[in-house]
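These protein sequence lines map, in sequence, to chains A and B. Be aware that the first sequence starts at 11, since it is given in the numbering used here, and climbs by one per residue. Be aware that the second sequence starts at 12, since it is given in the numbering used here, and climbs by one per residue.
Don't read these hints as lab results, they were simulated from the structure. Here the structure is a predicted model, which means the values were calculated and not measured. Any given hint might turn out to be false.
What the hints assert, rightly or not - Quick list of simulated restraints, FRET-style, between CB atoms:
| no. | chain 1 | residue 1 | chain 2 | residue 2 | range |
| --- | --- | --- | --- | --- | --- |
| 1 | B | G119 | A | S136 | 30 to 40 Å |
| 2 | B | G195 | A | A435 | 34 to 44 Å |
| 3 | A | Y246 | B | Q254 | 49 to 59 Å |
| 4 | B | Q79 | A | F291 | 39 to 49 Å |
| 5 | B | E66 | A | N95 | 51 to 61 Å |
| 6 | A | N353 | B | E66 | 31 to 41 Å |
| 7 | A | L60 | B | I185 | 19 to 29 Å |
| 8 | A | Q122 | B | Q198 | 53 to 63 Å |
| 9 | A | Q349 | B | Y25 | 16 to 26 Å |
| 10 | B | N252 | A | S331 | 43 to 53 Å |
| 11 | A | G293 | B | N252 | 26 to 36 Å |
| 12 | A | Q122 | B | Q254 | 51 to 61 Å |
| 13 | B | G195 | A | N95 | 50 to 60 Å |
| 14 | A | A290 | B | L30 | 16 to 26 Å |
For glycine and all other residues, C-beta sits at the position ideal for the given N, C-alpha and C.
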Amino acid sequence: MPSPFFFRRRSFSAASLPICASADQFCPAHTQWEVLMVSWSGRRKALTILAFIGPTLLGILALNIYPIIYNVYISFTNRNQYHPNPDCTVFLTSVIEPGCWPMFRSNAGMGQPYVIQEPLFANYDSLIGKLFTGEGVLALVKLALLFAPLIIAGQVNKRLDRQLTRPVSSFWVWIGGLAITVLLAWILNVGGAMKTLEASSDFFIVVFRTLLFVVITVPLNYIFGLILALVLNGDYIKGRTFFRAIMIIPWAASTMFIIMSLIWQFFFREQGTINQILRAFGGEGLAWLANGNYALAAIILVNLWFSFPFCFNIILGALQSIPADQYEAADVDGATYWQQLVNITLPLLRPSVMPAIVLSAIGGGGFQMFGTVWAMTGGGPSQGAGVPGATELVMVYAYKQVFQYNAYAKAGAFAVIIFIFLFIATLYSMRISRITQGAYE
Amino acid sequence: MSRKPRPLVLVLQYIFLGLMTLFALYPIWFVILASGRVGSRLYTLNLLGMFIPTEWTFENYQVMLSGQPYPFLTWMRNSLFVAGFTTIACLLIATSAAFAFSRFRFYGREFGLILLLAIQAFPGVLSLVPVAQLLTAFKLYASHWGLILAYTIGNLVFTTWLMKGYFDTIPIEIEEAAMIDGCGPIQSFLLVGLPMAKPALAVTALLAFMGGWGEYVFASVLIPAPDVRRTLMVGMYSLANTQSIPWGYFAAGAVMTIIPVILIYTYFQKYLVGGLTLGGVKG
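Let the sequences and hints guide you as you build the complete structure.
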């Protein structure tokens with residue numbers, strides 16, 4: 011759309027703005043509004059806008075953009091516990107370190123100053139270098155091949171959907187895709203490939219585990235939210251208001267996740283609630299959080315408790331906006347409950363629920379999960395010295411690198427790689443979910 | 012989809028609802044029970060005591076409120092201070108930015124909006140070191156004001172998007188009418204547009220407040236100083252990380268921390284669901 015230039019100095023008149031000349035042109039309400047603002051000169055408008063978004067801009071610049079640039083810089087140095095201090099004689103360091111700025115210059119600490127790495131990409135190399143050797147690439151390709159049957163199944167389904175009558179239901183196509191995947195995994199010896207990759211870098215273990223966590227936890231949260239919303243959307247259920255009020259409680263408690271995670275951690279202790287109940291029924295207690303797999307399962311369960319009310323409320327809101335006549339028409343045609351669910355409810359839920367799903371997968375409830383893990387296991391149980399613990403997800407790993415090992419430079423490189431990945435994921439998700447619709451209008 | 016299902020299905024649905032209710036409520040109920048137990052055990056040896064109060068004492072609450080050995084009320088005041096100022100700052104800054112993004116058209120607007128979202132992809136934990144260094148340089152390290160600054164800016168992206176989404180749904184014609192009656196664009200927004208955005212303001216305030224109230228990582232790093240300057244979450248976490256954990260006190264503190272929040276959320280439920288779906292999250 012035509013936008014008046016921000017820095018245009020001379021005042022502009024209504025005639026100079028080609029706004030909504032013809033009636034058939036798409037013409038958002040805001041554009042009309044600008045016609046009323048044309049009395050403002052360009053400079054005055056620029057100053058007003060700057061006054062409004064200035065504080066935000068300044069804050070974002072200082073506490074969001076600056077840390078990113080800092081991390082990028084530090085990832086090319088050898089800053090760690092042995093070289094913790096800035097060397098203010100190096101130009102780039104003196105620019106980027108607040109301690110080197112003239113007005114804040116303090117006497118630097120006693121430790122060795124850090125220097126730029128030689129070779130430049132040494133930190134990145136130690137993190138992911140081994141993944142790009144011949145063996146590593148082969149293993150990565152094997153892993154990537156596993157997704158081929160599933161992608162093909164998706165495409166086949168799309169093609170079948172265009173036909174008037176499907177020869178097989180989409181369910182069986184997916185099952186077939188999965189079966190081929192399993193077969194392929196066996197043929198390609200993916201287990202062996204995984205072992206190679208895990209041995210070659212911490213980075214792979216941590217990221218793979220985090221992705222696994224996201225792939226399990228996010229759908230689980232939304233499935234529970236969906237079932238609950240479907241049940242509570244029916245007006246035959248007595249006490250719906252009561253149940254809805256109950257379901258908001260974990261949501262409220264999730265804002266204080268550190269306290270609630272500690273309570274949950276208690277449930278899973280060796281002398282905790284779950285084991286006590288098991289013992290009362292003659293079962294054997296288990297040290298749940300001392301076993302890597304159980305610990306991860308426990309974290310997924312706790313995350314379910316924190317997240318399902320949000321998913322439930324989002325889905326319920328979307329359900330209530332589906333017009334009832336859709337179902338009436340389906341009833342007339344004799345569609346069963348399941349047919350209505352698959353062919354009406356789910357497709358109509360998609361546009362409003364998809365952005366929420368993507369955002370929670372990228373955000374603090376998914377890929378960037380930190381607090382719950384930190385309070386429950388602290389990244390443990392340990393898998394041996396120098397290897398990430400069994401529940402050390404991406405953020406926990408980064409936190410430990412910085413605050414326990416003081417490996418600033420390595421953590422910086424790690425952050426930069428993760429940032430690139432998340433940045434692309436965010437932009438892509440904005441495209442598919444179109445949450446930025448307003449920005450493009 | 013409100014056909015009455017078969018009786019068996021209906022029973023299954025009620026069973027599911029019951030289980031989910033139990034799942035949702037039990038951890039909270041457990042803390043309440045534990046807070047009234049004598050001694051420092053979080054669990055009791057009889058199974059019945061896990062589900063219904065077999066014993067009850069207010070001793071734990073008295074200890075927590077007395078300030079010895081844990082300055083619980085001071086922690087709470089610190090958290091209220093930090094969260095309160097975060098809320099105010101967030102509302103002021105985010106509202107003005109959201110207003111500009113929603114009502115003005117200017118060069119770099121789309122870029123700015125997308126930039127806001129994309130920089131969120133940077134792991135917050137890893138911006139801690141540079142943020143701490145920056146705050147140290149400005150003499151704001153180990154001060155509540157530094158924490159307020161960090162929280163406010165941390166919340167800005169989400170709140171700006173939320174409010175902008177809501178402002179976009181308010182018809183511009185109403186403000187135009189006010190402008191014809193002689194208001195300036197900003198005046199008309201303040202007097203006419205803003206009052207209509209009350210639900211979004213309520214949700215933003217609530218989320219900003221809760222963000223400040225419940226945050227742990229930044230608070231634990233940016234306020235390393237003695238016990239009395241800690242916020243509630245850091246204090247409670249330190250309580251649970253001592254050698255012999257005083258679970259009874261911890262539970263009493265947890266109840267006093269969580270129950271008010273649950274009440275606030277229940278009260279704001281309507282706004283919360285409506286504000287979120289109308290604003291940022293909806294497609």
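Evaluated hints:
1. G119(B) / S136(A): 30 to 40 Å: For S136(A) against G119(B), whose Cβ atoms are near 39 Å apart, the range 30 to 40 Å holds.
2. G195(B) / A435(A): 34 to 44 Å: holds, 42 Å
3. Y246(A) / Q254(B): 49 to 59 Å: holds, 54 Å
4. Q79(B) / F291(A): 39 to 49 Å: Holds, at about 42 Å.
5. E66(B) / N95(A): 51 to 61 Å: Between E66(B) and N95(A), where Cβ atoms are some 57 Å apart, the hint holds.
6. N353(A) / E66(B): 31 to 41 Å: violated, 56 Å
7. L60(A) / I185(B): 19 to 29 Å: Since L60(A) and I185(B) have Cβ atoms about 26 Å apart, the given range 19 to 29 Å holds.
8. Q122(A) / Q198(B): 53 to 63 Å: holds, 60 Å
9. Q349(A) / Y25(B): 16 to 26 Å: Between Q349(A) and Y25(B), where Cβ atoms are some 24 Å apart, the hint holds.
10. N252(B) / S331(A): 43 to 53 Å: holds, 46 Å
11. G293(A) / N252(B): 26 to 36 Å: Given about 30 Å between the Cβ atoms, the range holds.
12. Q122(A) / Q254(B): 51 to 61 Å: Cβ of Q122(A) to Cβ of Q254(B): about 36 Å, so the range 51 to 61 Å is violated.
13. G195(B) / N95(A): 50 to 60 Å: With a Cβ separation near 53 Å, G195(B) and N95(A) satisfy 50 to 60 Å, so the hint holds.
14. A290(A) / L30(B): 16 to 26 Å: 19 Å Cβ-Cβ, so the 16 to 26 Å window holds.
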